[in-house]
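The listed protein sequences derive, respectively, from chains A and B.
Residue numbers for the first sequence follow numbering that gives the first Met the number 0, beginning at 0 and rising by one.
Residue numbers for the second sequence follow numbering that gives the first Met the number 0, beginning at 0 and rising by one.
Just so you know, the hints here were simulated from the structure itself, not pulled from any lab data.
Where a beta carbon is used, it is the ideal one built from N, C-alpha and C, also for glycine.
Any given hint could be a false lead.
Pair ranges (Cβ atoms, derived) [unchecked claim]:
no.	chain 1	residue 1	chain 2	residue 2	range
1	B	Arg24	A	Gln25	54 to 60 Å
2	B	Arg142	A	Leu68	27 to 33 Å
3	B	Ile237	A	Ile159	56 to 62 Å
4	A	Val37	B	Arg119	48 to 54 Å
5	A	Leu27	B	Lys194	35 to 41 Å
6	B	Asn187	A	Ala35	18 to 24 Å
One letter stands for each residue in the lines below.
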Amino acid sequence: MANGAAGAASPGALGVTARRDAWWVQPLAVFLGLTAFVIYATWAAFQGNHYRYTGGGADYLSPFYSPELFGDPKTAWFGGKPAWWPGWLVFSPALLILPFPAFFRVTCYYYRGAYYKAFWADPPSCTVKEPRSHYRGEASFPLILQNVHRYFLYVALLFILILAHDAWNGIWFTDPATGQAHLGLGVGSLVLILNVVLLSGYTFGCHSLRHLCGGRINKLSQCPMRSRIYGCVSMFNARHMAWAWPSLVFVAFTDIYVRLCSMGILTDWRFF
Amino acid sequence: MSSTATFRIWRGDANGGQFRDYQARIDEGMVVLDAVHQIQAEQAPDMAVRWNCKAGKCGSCSSEINGMPKLMCMTRLSDLPLDQPITVEPMHTFPLIKDLVTDVSWNFRAKKKLKPFNPRRPDAPDGSWRMAQRDIERIQEFRKCIECFLCQDVCHVLREHHLEDQFIGPRLFVFTAALEMHPLDTENRLPNLRKLDGIGYCNITKCCTKVCPEEIHITDNAIIPLKERVVDQFFDPITRIINAVTGGDKR
Ligand code: SF4
Ligand code: SF4
Ligand code: FES
Ligand code: FES
Chain A
0 MANGAAGAAS PGALGVTARR DAWWVQPLAV FLGLTAFVIY ATWAAFQGNH YRYTGGGADY
60 LSPFYSPELF GDPKTAWFGG KPAWWPGWLV FSPALLILPF PAFFRVTCYY YRGAYYKAFW
120 ADPPSCTVKE PRSHYRGEAS FPLILQNVHR YFLYVALLFI LILAHDAWNG IWFTDPATGQ
180 AHLGLGVGSL VLILNVVLLS GYTFGCHSLR HLCGGRINKL SQCPMRSRIY GCVSMFNARH
240 MAWAWPSLVF VAFTDIYVRL CSMGILTDWR FF
Chain B
0 MSSTATFRIW RGDANGGQFR DYQARIDEGM VVLDAVHQIQ AEQAPDMAVR WNCKAGKCGS
60 CSSEINGMPK LMCMTRLSDL PLDQPITVEP MHTFPLIKDL VTDVSWNFRA KKKLKPFNPR
120 RPDAPDGSWR MAQRDIERIQ EFRKCIECFL CQDVCHVLRE HHLEDQFIGP RLFVFTAALE
180 MHPLDTENRL PNLRKLDGIG YCNITKCCTK VCPEEIHITD NAIIPLKERV VDQFFDPITR
240 IINAVTGGDK R
């Protein structure tokens, strides 16, 4: 039912629109932001070193490497590099766990909408012409696979607990002389805490979590507890985008911070 | 103090047309519909424009102003750059009747095909029901819809790809959500949402939400929750097993 209106934006190719505003700024920002993150995260994941800082008795673990399932035999959950690790692939503890948060973000409803625009131009922006005539959306393969999002949510919730535990470890400092751990606070401790706060704000606003808590129930009044949780998740959900970006940037910053401290380039400043 | 501005208005019908420039006097507090009426009264008496309430409540005056779907009666001239011509076009997605008026009847035909409200048996002998405010709260947002169809106009699945026979569009997802989440309703619309209504075509790019004059959170509160319900029923084996064992959440 094509329109008879051959208006300014009716015929034409990619990017044609009658809009006057700088519609391309937002998709461009998303494109640059996500590209920069993916490049850094990939680089950092393949390093396989400088992911833990233990100077001054601290124990800061980079979130890209947590949980450290296999890695440093002294600290990893299951010991050193596993025997089954393929010889052609450089070993890094991050490669075992990073796919989970990565796919959690890839299948997130907010990011989906954002990268379909920024990377696929599908559409480039509202009322802006698309490059393709054929469209399948998320109705068939491959994008129908986005429906697995909730499974990645379950893992992400587990990771929040683990990162909270890392942040807890980040406020205990071991005295090299006595071997005793005591409470302390370094800039790194704050970085780890803020990281888990931002990631929680993002994860607790997940649409799948909102559905799980109460979205699927029509008579919320009969489940007062779930009704309350649904209300909380809905509050985070309304600001999902606003949590998505700071948490993404900050998780990379946390890795950079731990890395630079571990390399001796930065000194971790201690409050007490 | 009054000044003038140029309005570049689409004039034509299904066989074609062109933009024409008109000058209009600008006074404080004017909206685009005021300018269009002034032009119609003084310069172009044959110009077709649909309107009714001039209060953003009837949903008749939908158009595209400077390329964005908007209600003419709710778009203030003080929010537009008046140093350049203001383009006013009919909605692109629907067949043009004349000038600024399009034929939006497809929306009503598509709506008729959806499963209607199907309430449980009345709770009281007098034929009435009891509902908790908490249960109805969520869908009250959807009842604000004025059927302006700006969301249908902007949605690229309809606008660019014209999948009208496979996709009902954001307005009708809002309508379906209001029924599907209704505490009294007993119908299951999920198979239709997936197969006939094409909810999978929505790629959650949120243009519908952006243009809705009633500020309904179409994508976040209607479409994504419906997508999640469809996942429950068709794409999540674990939930299906749990529901089979426990009887599922009371709906
Ligand atoms: S979010 Fe979905 S329904 Fe809304 S405009 Fe985008 S594709 Fe269309
Ligand atoms: S949902 Fe909003 S944009 Fe869509 S028809 Fe209703 S009021 Fe208009
Ligand atoms: S929807 Fe964004 S994390 Fe689930
Ligand atoms: S005239 Fe009624 S909404 Fe504009």
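Hints versus structure:
1. Taking the beta carbon of each, arginine 24/B and glutamine 25/A are about 36 Å apart, not inside 54 to 60 Å as hinted.
2. Between arginine 142/B and leucine 68/A the C-beta distance comes to about 50 Å, which lies outside the given range of 27 to 33 Å.
3. At roughly 20 Å, the beta carbons of isoleucine 237/B and isoleucine 159/A sit outside the given window of 56 to 62 Å.
4. At roughly 50 Å, the beta carbons of valine 37/A and arginine 119/B sit within the given window of 48 to 54 Å.
5. Taking 35 to 41 Å as the suggested C-beta distance range, the pair leucine 27/A and lysine 194/B conforms, at roughly 37 Å.
6. For asparagine 187/B and alanine 35/A, the hinted distance range of 18 to 24 Å is not satisfied, since their beta carbons lie about 45 Å from each other.
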